[in-house]
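Residue numbers (this note's numbering), protein chains in the order written: chain A, 1 to 116; chain B, 1001 to 1134.
Don't take each hint at face value.
What the hints assert, rightly or not - Example chain B residues on the side facing chain A (calculated, C-beta under 7 angstroms, incomplete):
id, residue
1, 1030
2, 1031
3, 1051
4, 1058
5, 1062
6, 1063
7, 1076
8, 1083
9, 1089
10, 1091
11, 1095
Just so you know, the hints here were simulated from the structure itself, not pulled from any lab data.
We put the beta carbon where it would ideally sit given N, CA and C, even for glycine.
Chain by chain, the residues run as shown.
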Amino acid sequence: MTGRAGDRKMAAIGHDDPGLQPERTLLAWRRTLLTLIICCILFLRWIPHFGVWALLPTIGALMACLLVQIGLNARYRKSTKGMCVERIPAPLREVVVLGTTVIVLSLIAVYAVVFP
Amino acid sequence: MTSPDPSKPAAPDRQGLSASLLGAGCEPDPRFTLANERTFLAWIRTALAFLAGGIAVEAFTGEVFGPDLRRGVALTLLVLAMLVSGSACVRWLNVERAMRQRKPLPLPVLVPILSIGGALVAAGLIVFLSVGAS
């Protein structure tokens, strides 16, 4: 069973893990993305100081959220399938995107604090 | 939970950056991969809490702290956010590699960073409260 149709069929079948690991992981991603969205909104407090430039980190981080969110459904399908075939690909892209986003946001916040 | 099977074949479908970063080895148990992923996400949420805390201190404590202390606490929290986020990525990668090569998991460097950073912020606040009370 290969390809997208195969993935969907596997996901529809589900998995036999009583620990519900794919569901817990999916929810962990969703919690993290929600937290990131809230942090993005906090950057709007610098609009009076930097004008429209203060929108850039918010927009950039929201786009990163969207990128990760789009991949989450496919990730869940892979996780469900992986529980059946005992192999799950490592989420390298998502980890790099999320980690880089948080570091860049922190750097921008440091700049805004030091040079208000 | 089943333990990883050492006889499991190496992943044939890893390519490019993924192959070079994750290195050689056998695919770990999928439960361990997902657990590592959730631990990484928990650290990222910790970093985001530091980030939000840093911005909040800078934005909303203007009438409580002096400018220097406010800036110091905010910068400490923001630098901690950066360190925790970067270390979370590195630790995720190291744990993933260790699992693939059946090696012991590396010790977390994040814990001492977090302890020292938290202690610094707490010490700053104690000094502020002591000076303010006297």
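Verification of the supplied hints:
For the restraint placing residue 1030 of chain B at the interface with chain A, the shortest Cβ-Cβ distance is roughly 4 angstroms, inside the 7 angstroms limit, so the hint holds. Interface hint status for residue 1031 of chain B: upheld, as the beta-carbon distance to the closest one in chain A is roughly 5 angstroms, under 7 angstroms. Hint status for residue 1051 of chain B: holds, given a least beta-carbon distance of 5 angstroms to chain A, under 7 angstroms. About 5 angstroms separates the beta-carbon of residue 1058 of chain B from the nearest beta-carbon of chain A, less than 7 angstroms, and the hint is met.
Look at residue 1062 of chain B: its Cβ only gets to about 11 angstroms from chain A, farther than 7 angstroms, so that hint breaks. The closest approach between the C-beta of residue 1063 of chain B and any C-beta of chain A is roughly 16 angstroms, which is over the 7 angstroms cut-off, so the hint fails. Of the supplied interface hints, the one on residue 1076 of chain B is violated, with its beta-carbon coming no nearer than about 11 angstroms to a beta-carbon of chain A, more than 7 angstroms. Of the supplied interface hints, the one on residue 1083 of chain B is violated, with its beta-carbon coming no nearer than about 9 angstroms to a beta-carbon of chain A, more than 7 angstroms.
Interface restraint check: residue 1089 of chain B against chain A, minimum CB-CB distance 4 angstroms, threshold 7 angstroms, status holds. Given hint, residue 1091 of chain B at the interface with chain A, is violated; its Cβ is 10 angstroms from that chain's nearest Cβ, farther than 7 angstroms. Look at residue 1095 of chain B: its Cβ only gets to about 10 angstroms from chain A, farther than 7 angstroms, so that hint breaks.
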